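Novice: Here's the letter readout for the chains.
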Amino acid sequence: MTDVIAPGTTETEAPGLHLPPETDGHGPSGTDGHEEHGHEAHGPTGILKWLTSTDHKVIGMSYMITSLVMFYLAGIMAMFIRLQLTTPHASLLTFGQYNQLFTMHGSLMLYLFAGPFAFGGLANFVVPLQVGAPDMAFPRLNALSYWLYLTGSITMLMGFLVAGGAASFGWVGYAPLSSATSSPGAGGDLWIMAIALTGFSAIFTGVNLVATIFYLRAPGLTMFRMPIFTWNMLVTAILILIAFPVLTSAMIMLFCDRHFGTHIYTAVGCHAVSGAAIQGCGSPLLWQNLFWFFGHPEVYILALPFFGIVTEVLPVFSRKPSFGYKGMVFATMAIAALSTGVWAHHMFTTGAVLLPFFSFLSLLIAVPTGIKFFNWIGTMWRGHLRFDTPMLFCIGFLFAFLMGGVTGIMLASPPIDFATHDTYFVVAHFHQVLFGTAVFAGFAGLYYWYPKFYGRMLRENLGKWHFWLMFVGFWVTFMPQYVVGLLGMPRRVASYPSNLGWESYNIVSTVGAFIIAFSFLLLLINLVVSWRNPVPAGNNPWDAHTLEWFTTSPPPHHNYTHLPPIRSERPTWDYNHPDNLTVPHGKDAVHVKERVPVG
Amino acid sequence: MRVEALFLLFLGVFFGIVGIVYWFWSYEDGGGMMLLGTSLLGFLPGGYYFFWHKRFHGKRVFFWGKSTGAGDRPSDRDDATLSEGAGVIEAFPGSSIWPFVLGMGAFLTVLSMVFGVWLIFLGVPLILTALVGVTAESRRGGHI
Numbered sequence: 034m035t036d037v038i039a040p041g042t043t044e045t046e047a048p049g050l051h052l053p054p055e056t057d058g059h060g061p062s063g064t065d066g067h068e069e070h071g072h073e074a075h076g077p078t079g080i081l082k083w084l085t086s087t088d089h090k091v092i093g094m095s096y097m098i099t100s101l102v103m104f105y106l107a108g109i110m111a112m113f114i115r116l117q118l119t120t121p122h123a124s125l126l127t128f129g130q131y132n133q134l135f136t137m138h139g140s141l142m143l144y145l146f147a148g149p150f151a152f153g154g155l156a157n158f159v160v161p162l163q164v165g166a167p168d169m170a171f172p173r174l175n176a177l178s179y180w181l182y183l184t185g186s187i188t189m190l191m192g193f194l195v196a197g198g199a200a201s202f203g204w205v206g207y208a209p210l211s212s213a214t215s216s217p218g219a220g221g222d223l224w225i226m227a228i229a230l231t232g233f234s235a236i237f238t239g240v241n242l243v244a245t246i247f248y249l250r251a252p253g254l255t256m257f258r259m260p261i262f263t264w265n266m267l268v269t270a271i272l273i274l275i276a277f278p279v280l281t282s283a284m285i286m287l288f289c290d291r292h293f294g295t296h297i298y299t300a301v302g303c304h305a306v307s308g309a310a311i312q313g314c315g316s317p318l319l320w321q322n323l324f325w326f327f328g329h330p331e332v333y334i335l336a337l338p339f340f341g342i343v344t345e346v347l348p349v350f351s352r353k354p355s356f357g358y359k360g361m362v363f364a365t366m367a368i369a370a371l372s373t374g375v376w377a378h379h380m381f382t383t384g385a386v387l388l389p390f391f392s393f394l395s396l397l398i399a400v401p402t403g404i405k406f407f408n409w410i411g412t413m414w415r416g417h418l419r420f421d422t423p424m425l426f427c428i429g430f431l432f433a434f435l436m437g438g439v440t441g442i443m444l445a446s447p448p449i450d451f452a453t454h455d456t457y458f459v460v461a462h463f464h465q466v467l468f469g470t471a472v473f474a475g476f477a478g479l480y481y482w483y484p485k486f487y488g489r490m491l492r493e494n495l496g497k498w499h500f501w502l503m504f505v506g507f508w509v510t511f512m513p514q515y516v517v518g519l520l521g522m523p524r525r526v527a528s529y530p531s532n533l534g535w536e537s538y539n540i541v542s543t544v545g546a547f548i549i550a551f552s553f554l555l556l557l558i559n560l561v562v563s564w565r566n567p568v569p570a571g572n573n574p575w576d577a578h579t580l581e582w583f584t585t586s587p588p589p590h591h592n593y594t595h596l597p598p599i600r601s602e603r604p605t606w607d608y609n610h611p612d613n614l615t616v617p618h619g620k621d622a623v624h625v626k627e628r629v630p631v632g
Numbered sequence: 012m013r014v015e016a017l018f019l020l021f022l023g024v025f026f027g028i029v030g031i032v033y034w035f036w037s038y039e040d041g042g043g044m045m046l047l048g049t050s051l052l053g054f055l056p057g058g059y060y061f062f063w064h065k066r067f068h069g070k071r072v073f074f075w076g077k078s079t080g081a082g083d084r085p086s087d088r089d090d091a092t093l094s095e096g097a098g099v100i101e102a103f104p105g106s107s108i109w110p111f112v113l114g115m116g117a118f119l120t121v122l123s124m125v126f127g128v129w130l131i132f133l134g135v136p137l138i139l140t141a142l143v144g145v146t147a148e149s150r151r152g153g154h155i
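These protein sequence lines map, in sequence, to chains A and B.
Going left to right, the first sequence walks through residues 34 to 632 as our numbering numbers them.
Going left to right, the second sequence walks through residues 12 to 155 as our numbering numbers them.
It is possible that part of the hints are untrue.
Unchecked claim - Cut-off 25 Å, straight-line C-alpha distance, at most; resulting in silico cross-link-like pairs (SDA-like, lysine to any residue):
| no. | chain 1 | residue 1 | chain 2 | residue 2 |
| --- | --- | --- | --- | --- |
| 1 | A | Lys359 | B | Pro85 |
| 2 | A | Lys359 | A | His610 |
| 3 | A | Lys359 | B | Tyr38 |
Hints listed in this document are in silico derivations from the structure and should not be mistaken for laboratory results.
The structure presented is a predicted model; accordingly, all values stated were derived computationally and were not measured.
Could you build all of it, start to finish, from the sequences and the hints given here?
Specialist: Here it is as structure tokens:
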């Protein structure tokens, strides 16, 4: 079935607006609208709907549910890792099992949760709504992206079922450890194929997001009126298109090394020509170059969408426009551009990289990141702050990411990196950056947009318990890891001696991990409670600003029957608050006196 | 199209400069090639959008000056009204089984690299069927 979309407009159809009645004072329609549009039957139902839907909302929800399953599985693996490390000489896991668990924990979290949750799930659901589009630009390609992601996830998990177990060479798959000689068995091959599948999935999603944002924006929604979340997703999509093809091709070459006798990543077959020059052999360092050319942009592919979430949530719960809109956009671009030129700061200790170049560019990233922090604080400054659950998670993100960012600046300095490389200091830094963004800001986004997804609220008291437990658990888990790292504890070890003073820090860290795990149980309880005893949300329970809050909750098929006039980056706010219109920035100021709200 | 073109061309220029500096500083092949490839990734679509920007604006010099063409799209203009965007946007499929079939075909084909070539005989027919199916579906405008 194909639908040809020709939307109505408030301007042409006013004053006879065909909008659902306003019931909550926020937005043009309330729960009645939800009843009218949200549950309309369209196309197949049940399992067939899930298998055949090309609706971006169904695909977005599928992405989010699948990625959260991966998150919980990876979390269970993390608990086993922490239990193993709690005491010296622990024997809960064999060394082989431990290697498999930390490899799959990292792989699931990075490849199958953090990225897909943001650019597969939230972006899929929210971006078309935020730009006033009926769907993603290529709906079938969008559906294919999800199926490749799901089958990639299954492929990776199948590693636990084959002889020899899952991949055990770390989520970075360093050559020659990942060669067939060092890591034989089907587990490594499944890991490679899983990443190839999810890599294609990410590339297709990136193409789709760029095309949707460039071609399907509503009239008046210029690039500099787009919500910051959409801007961040655009920049993330560009980063995906830069980074993932490199990773996918690197994986295919690794597979060739393992099975087809090539020596792309192994120094075999070298021969000397013209004196000292060596030719004709592969190089393990080539793998590191290729992997980190993906790997460092990947950190920002994981971070930028979550920066976007924070920039959406803070203004709503501060009841102010975002401070420094254009500064935020340019800072996002600068972070993305610089992040593509710093890959080898992960390779300082190889002694084969240009230290001043990579150190300088890495330190430079602190500038646009600092601009973002300044603007986030500026957004809250003198605002009418409301500490609902999404806001709490955003504030938690600010603290967590600040700590991860500051230690990142330290690690950008080669002398410090030489001393701390491959220790738990790096593990703590890495987790504070990614937990701070993907988990704190990710949950902020989940609590913020959940009413839009389902037309019902999550419970505030459970949400606040979830936040505070997670916040406490986060610091208790990772701060001791900095210390134990400075004391010399290396990463990726399954056991350690008892006479090095590491034990107490590891005990505290494990206690923190259990506190975090308990907080995640509260989220599950909250979801179940919300499902069994729904509290209707209305269409705009937060009195939010952007276009997605104009439509019903959940949105109807193809999203909008009508749109409000778009004269700023806050069209829904302008529609609901005609006496308090958004002050436009830059050239928009010319049009301020022309803005007459409809309704 | 102006902002889109500038955005992508900026990427091309930035990575071109960084790539050149990196190459002449380090003489490292892999990184230099990746940076210059990234520069091309900015210039290619950026050039495409620049071409369309020129088509919209006639003899306008680069991105500035008086437009002599049809002007920007409604989504590029601050003062556009929603009525300017009325009409058919695009044909969107309501549902389609072919992405699922194609995904399963890719899954089985990939597994054949690990578990044995025999799986290709299941995977490739699914891929071919799905490619024919989705092409026909697109041309007909609906289910087949």
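Novice: If a hint holds in the structure, say so; if it doesn't, say that too.
Specialist: How the hints compare with the structure:
| no. | hint | in the structure |
| --- | --- | --- |
| 1 | A:Lys359 / B:Pro85 | 21 Å, holds |
| 2 | A:Lys359 / A:His610 | 23 Å, holds |
| 3 | A:Lys359 / B:Tyr38 | 37 Å, violated |
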